[in-house]
Every structure is written in C-alpha cells, then in structure tokens.
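Trainee: Protein sequence lines, in the order shown, are assigned to chains A and B. Under the working numbering, think of the first position of the first sequence as 1, with each following residue one higher. Under the working numbering, think of the first position of the second sequence as 1001, with each following residue one higher.
Please note that a few of the clues may not be correct.
Only part of the chain B face toward chain A is listed, based on derived beta-carbon distances under 7 Å [what the hints assert, rightly or not]:
hint : residue
1    : Cys1199
2    : Arg1220
3    : Ala1241
4    : Tyr1277
5    : Ala1299
6    : Arg1312
Label pairs and their calculated CB-CB ranges [as the list claims (entries may be wrong)]:
hint : chain 1 : residue 1 : chain 2 : residue 2 : range
7    : A       : Ile21     : B       : Asp1166   : 38 to 44 Å
8    : B       : Thr1183   : A       : Gly102    : 32 to 38 Å
9    : B       : Lys1130   : A       : Ser260    : 41 to 47 Å
10   : A       : Glu224    : B       : Thr1147   : 31 to 37 Å
11   : B       : Glu1174   : A       : Glu316    : 51 to 57 Å
12   : B       : Ile1282   : A       : Pro104    : 45 to 51 Å
13   : A       : Ile21     : B       : Gln1308   : 40 to 46 Å
14   : B       : Glu1174   : A       : Glu125    : 24 to 30 Å
15   : A       : Tyr173    : B       : Glu1186   : 56 to 62 Å
16   : A       : Pro104    : B       : Arg1208   : 29 to 35 Å
17   : B       : Asp1166   : A       : Pro263    : 29 to 35 Å
18   : A       : Gly27     : B       : Thr1147   : 34 to 40 Å
19   : A       : Pro263    : B       : His1115   : 55 to 61 Å
20   : A       : Gly102    : B       : Glu1174   : 47 to 53 Å
Don't read these hints as lab results, they were simulated from the structure. Since the structure is predicted, the reported quantities are computational estimates derived from the model, not experimental observations. Glycine included, each C-beta is placed from N, C-alpha and C at the ideal position.
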Amino acid sequence: MRDNAKQADRRGRGNLWGRHIKSIPEGGYYLTLSCIMGSFFPGTESMIPRVYDLLGVRWGTNPDARSGWTCCTGIAYHGDVMPIEGTLLTVARLWSIAQASGLPVITPVCVTSFGVHLECRDLYEKEPGLKEKIDRLLMDACGRTFEIPKHIIHVSDVFYRYRDVLRNRHFRYTLTEKSTGRPLRVVDHVGCHYSKIFPVQHAIGGAEDCRVLADPVRAWGGEEVDYPERRGCCGMGFRQCMITPNRGATIARTLKKIRSMAPGRPDLIVTNCPGCTTFLDKGQWTIHEVAGESPFIPVLNYVELAGLLLGWDPYETVGIQFHTVPVEPLLEKIGIPFDRSRPRLEGRPYGVGQAPAGPLTAG
Amino acid sequence: MSGDRLPADFDLQSQAFPGDAKPGRSAREDAGLQKPSGANAAWLGRPACPEEYRRLRLCLDSLSDQEILEGYRMLRDEKVPRAEGWYYPNVRILHGTAFEREKDRREQHLWNETHGENEVVRWYREAREKPCAWWIENHLIARHALTSCMSCGVCSSLCPAAEFYDYNPRAIMEIVQEKDEQTLVELLRSDTIWYCYQCASCKAKCPRQNSPFGMLSSLRQLSQLKGYHVHSIRGRQQVAARHLWGGNLWNRACSLYFRNPNPEAHRDFGPRHEKLYKSPEIAFRQVGASPDMPGSLSARKVHPETLQEVRRLWHAGGALFLWQMIDEAAARGAVEDGLTIDEYHDKAKTEG
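Same shape as in the complex, but just chain A (with noise of 0.2 Å):
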C-alpha cells in the first residue's frame, strides 16, 4: 500500500513536473539587456557574452550601433507611462533587428523584459488582428518587418540548461566551504516577473517550486534552503522604488523577506532579476540604519555566482564592489583569491558606524 502510495506520489509529481518544462534552444541567442542591471551591476552584462562564448553557443547582437537594440520600455510600461502599443512596437523592432540576424531565440537578461516579450506575445496569441495592425505601425514607423518568435528564454534559462557544462568543464571552485568542505547554504529570489506571469509555460518549475536558480545551486555544490516567503515579492514595484516617498513600501517588503530567509543562516542569496538584486543587496544597508537590523547577507544573481566560481576576477570582471554588502566574505569561505589591498575594502565590516550623508527620505 505504502509503495503503490510512493509510486502515484512520484507519477503525480512527474506529471506536475511535465507541465513545467520547457524547451532550451541551444543556440542561436540573441542577447537584449537591461537597463535596471546595467545601471546597477554592469559587470553582468560583460560577462554573459563571455560565458556564452566559453560554453560555445551560437549568439549575438545586433553590431550596427544605428539599429541597435534598445530598452524594451518595461519600466516605463509597468510605470504607466507607455501605452501597450508603444511596448509592442519597442519589442517587435527588437524582435525584427534579431530575425535579421539570424538569431530567432530571444533571450533578454532582465527579468522584466522577459515579462514584456511573453506579454507582447500572449497577446498576439489572444488578439484576432493585433499582429497585421503592429505590422502596420511599425512598417510606418520604420520600415521593418517582424516575425512572433518561437523562444523567448531568459538568460537564467541558459545557464539552467548549461549548469553541468559549467561546473564539469569550465568551474574552479564549488559553492563549499573550503575550510569544512561543507555545502553553502543558498536562499533563491528568482523574480515575479520570471515566474508568476507565465507561471505554467515559462517558469522552470512554475511558481511555486520554480527551479530556475535551484537546481544550478545544487549543481555547483550549495544546499538550497527553503523559507517561507521565498516567492513573495522583493517589493521593488517600479514606481514604489523609484519614488522616492513610496519607497517605504519597498523596503517593508525587502525587510519581510529578509527575515523570513534569516533564520535558514544562508550564507548566500543568489537572485535572478536585477531589481531584486538591487533591493535585496541595498535594502539591506537600509534595514540596518531603519530596523536596526544586520543580516548583512551577500546577494549575487547567477551571472556573478558562476563568474566567481569560473574564477574570474572579482574585481576587474564580475564587479563585487557594486555590491553594498560586501561578497569578500563568501570568497573568503569559497576559497577564491581577492586583492586584499582594494581601498574600497575599508571600512568592513560593512561600514558599521558610518551615517549616510542625510536622511533616508532625501531625494
């Protein structure tokens, strides 16, 4: 009895499983970046196409600075200053520089713009008519053409499908502690916007046990740590944040996530969307002079995390010191060598002590 229960269990998951897979082109990548992580953690940027290149994928961009990618106005649109149609023009030209390329997966590095390119393309699905009418626009606007593309993958998707490749062939360390041998312990964010707007068909996993950066956790040698509001939102919510007298309702958010992961002791949160980056790492400094709380945990999104443990500099290449709080102490758990000379290392712990210029509510 007890085996036939264990057996409909595992056919049940697996079934519940299969609705969440999905395909993983294996190239033919056409990288659209971000203006939240470029604004934030550039090095980011620099290093996808380097990891690309490492893993031998076919990708690219388009490299004629005059019809070049540009923003796909996902902050303006969730901000409500871009109507649905401007979003859909903005996407269809990047969907059309692409298919010139010869690039037909799409693949941006922004959680948000993942959103927007399955957004604008539920709706072609759902629309009778709004693909000839933004073929019209956009044949007026600019004289091209575009196809509704067959892939659109986040970039954390790639790495997804690459996370064996990386550790087996191209790793140099493994998220362990190099003293103890012993896996670290890892809390996910992996984004609303990559999870909970297509939570069946484009989420790893779907919502709820969205495997995205868990499983490449596991891979790379860490202990994924479960807590309880590890889907609640980050509470970066566009014009929350970057209002300045909204922006309580963002960090309540932050704090409440913060201290549902802090009991789990993680070592390490690894993030998927660049705004969540963002106020996970930075919120943290404002918990500490707000709440007067220091978890003062280290926030990397994937790109960083497999940068590190390629063994690129941290420094020069994967840009830790774009962080607020500090990463030195993981590499020095990970074993990965840093310039310890850095003058921005003053001051650690964290700058404990030191007051920002004004108030909290200037800006």
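Starting from the known structure of chain A, fit chain B onto it as the hints suggest.
Mentor: Frame of chain A, contents of chain B only:
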C-alpha cells in the same frame, strides 16, 4: 564568439563587448572622464530655492523653441576623443534637468504637430471622451485582464501592496465588474490604483486566469488620459514618472539611466554606494561598460539614428499623446497651486 551568421567584421572589442582585453585604456584617461565640460549655461543648473527656480523659469521662457532644441542637441552631442572612440561629457549634465524637461515638452509638441495623428492616438483621444465602462470593455489590456471573477480573494491574500497599503485588488475587480460610472471615476481619482506593485503575484494564483495587475495597469492609463490622476497624491507623481522614465526613453533610449541611482536620490543605499558613485565613470569602465560612450553594453550613448527610430515608434504607439495629457494636467495643477511647472514637478516628486 561563435556567431557565424554575424558580419565578419564584427569586432567584439570595438563594439564594447569587453571581458577580455581593454586595449588602450589607462587610468589617466579614465580620470579624465570626470572633468567637467565647458557647458556652464545658467539654465543647466539644478535650482535649490524658489528664487533660483523662478529665475530659471524666466530664462527658459525667454528662449525660443529653436534655441532650446539646438542648444540641447549641441550639448548632448559634444564629444571628446578617447583611445577607443568618444566620450559625451554633457549627457550627465543634461539628464533630469528642468532644461531637459522643457526641451522634451517643446520637442514632443512639435513632433506631434509635424507627424500628425495616427490610428492609435485617434483611438486614445476618442476613448478619453467615452465612459470608463467603455474603456474596460475595449482597452486591449483591460479586455484580456478579466474573464470571469468569482471574488475568491486569492489576489488580495498574497498581494504585497495589500499588506502595506489600505488596498484590496479583490474590491477593485468587483468595482470593475459592476461598471458603475461614478464608482469607477472615484476609483480613478483615488490613490488606491497607484498602490499596486505590478508584481503579478495575483495573476499567478487566480483560479480564473484573471490578471488584476494588468487591470490596474489599464486603469492607471485611463486615469491619466482623463486627467483624474491629479486628484490623488500618488497619481500626481506621474508627472515625475513621465519625466524620469519618459525622459530617459526620449533622450537616451533606456527607461533607467545609469546616473539615476545617484547617492543624492538614494541615500538609503548606504555609504558604499555613495563611495562608488563619486566616480561612476571609472567604476563602470572598470567592468567593461560604456558610460556615455558609443557601444552595445551598459550606460552607452545610443546612436542618434537609433534614437530617432524608436521615437517614431513611441509616437506611433501613443506615448507622446499620453505624455501630453500628463503635461497638460500638470500645467493646470501648477497654475492652481501658484507654482512654476518646475516647482510643481518637484513637489509631485517628493509629496506623499
């Protein structure tokens, strides 16, 4: 790189895909990025007191459209040579100024006059005059955001905004379904619709595949088109949003410009962030970005032809019409409050 279908002369390094070598770059050259340019006109300032604001406004009002547009373009495209190309030192001076906002208003007004009205703008202009219930039944996003709601409340139970604000997406979906015009107008005039985080937690869990966050997005557009947003504190903030994200798009083809998170605007980000932003150009160059330079990666200066192309798209997609509605509502609000448009902008940005 193995992009075998890309042009043979595609040079990763000159296209600012860094990571490997950074040829010809020296610390001395990067240090030069921080030197101020010769741009020192009075109207480039960032006023700190009402008197300065009034003087600035008088100065901007005295300039013709041509002087404003030409002055901006010349400053934006002024460049200094570098070993790897060019650096545009004035972009950082121009961004987010009252001068840039004035230039955008005038340039977009001229753009609308020159390029005329297309089918999208005509649709929005007509929708503006129709009842709110008509919008809910006809706007592309609203129509697909609601199929049949059984008011189960799952959306509210896991909504991060409902946890922080006096906000209930379930109640909003009920109002939307009832389509009572007066109640809808009250909703569009309230702070309530601006509380949503746009995280989509509601969409993921709705058993009927509704999208409350999509409906909120649609209602916010309607509120701005009808000018109802100025009746609430959080709605009025849209004039700041229009110039922050809209200004970045219109002038730099990005929603977020790398200098936006400067420490003055983000003291909550702490001393390490402040330290990094003392010389962001050097920090960004160090990891291979292209701060206010041509390139393909972070913070690059977009080619004017690319900018012109996406501007045409945003005109065709109705963005300029929406921004015009926000501007007109802000201008009325400024007159009512006895403020200049610049003071009104700053008040809206910091109020709440």
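Trainee: Taking the hints in turn, state whether each one holds.
Mentor: Results of checking the hints against the structure:
Hint on Cys1199 of chain B holds. Least Cβ distance to chain A is approximately 4 Å, under the 7 Å limit. Here the hint on Arg1220 of chain B is kept, as its CB sits about 4 Å from the closest CB of chain A, short of 7 Å. Among the interface hints, the one on Ala1241 of chain B holds; its C-beta lies about 5 Å from the nearest C-beta in chain A, closer than the 7 Å criterion. Checking Tyr1277 of chain B against chain A: minimum C-beta separation of about 10 Å lies over 7 Å; hint violated.
Interface restraint check for Ala1299 of chain B: the shortest CB-CB distance to chain A comes to about 6 Å, inside 7 Å, so the restraint holds. Because the beta carbon of Arg1312 of chain B sits about 4 Å from the nearest beta carbon in chain A, less than 7 Å, this interface hint is met. For the pair Ile21 of chain A and Asp1166 of chain B, the beta carbons lie near 41 Å from each other, so the given range of 38 to 44 Å is met. Checked against the given bound of 32 to 38 Å, the beta carbons of Thr1183 of chain B and Gly102 of chain A, roughly 53 Å apart, lie outside it.
Between Lys1130 of chain B and Ser260 of chain A the Cβ separation comes to about 45 Å, which falls inside the hinted range of 41 to 47 Å. Range check, Glu224 of chain A to Thr1147 of chain B: about 36 Å between beta-carbon atoms, so the 31 to 37 Å window is met. Our hint of 51 to 57 Å for Glu1174 of chain B and Glu316 of chain A holds, since their Cβ atoms are close to 56 Å apart. In this structure the supplied range 45 to 51 Å is violated for Ile1282 of chain B paired with Pro104 of chain A, their Cβ-Cβ distance being about 38 Å.
Ile21 of chain A and Gln1308 of chain B have their C-beta atoms about 43 Å apart, which keeps the hinted 40 to 46 Å range intact. Take Glu1174 of chain B and Glu125 of chain A: their Cβ atoms lie about 28 Å apart, and the range 24 to 30 Å holds. Between Tyr173 of chain A and Glu1186 of chain B the C-beta distance comes to about 59 Å, which sits within the given range of 56 to 62 Å. Distance hint for Pro104 of chain A and Arg1208 of chain B: a CB-CB separation of about 34 Å, consistent with the stated range 29 to 35 Å.
Separation of Asp1166 of chain B from Pro263 of chain A is about 30 Å and conforms to the stated range, judged on CB atoms against 29 to 35 Å. Separation of Gly27 of chain A from Thr1147 of chain B is about 38 Å and conforms to the stated range, judged on CB atoms against 34 to 40 Å. Between Pro263 of chain A and His1115 of chain B the beta carbons are some 58 Å apart, a value that agrees with the proposed interval 55 to 61 Å. For Gly102 of chain A and Glu1174 of chain B, the Cβ-Cβ distance of about 50 Å falls inside the hinted range of 47 to 53 Å, so the restraint holds.
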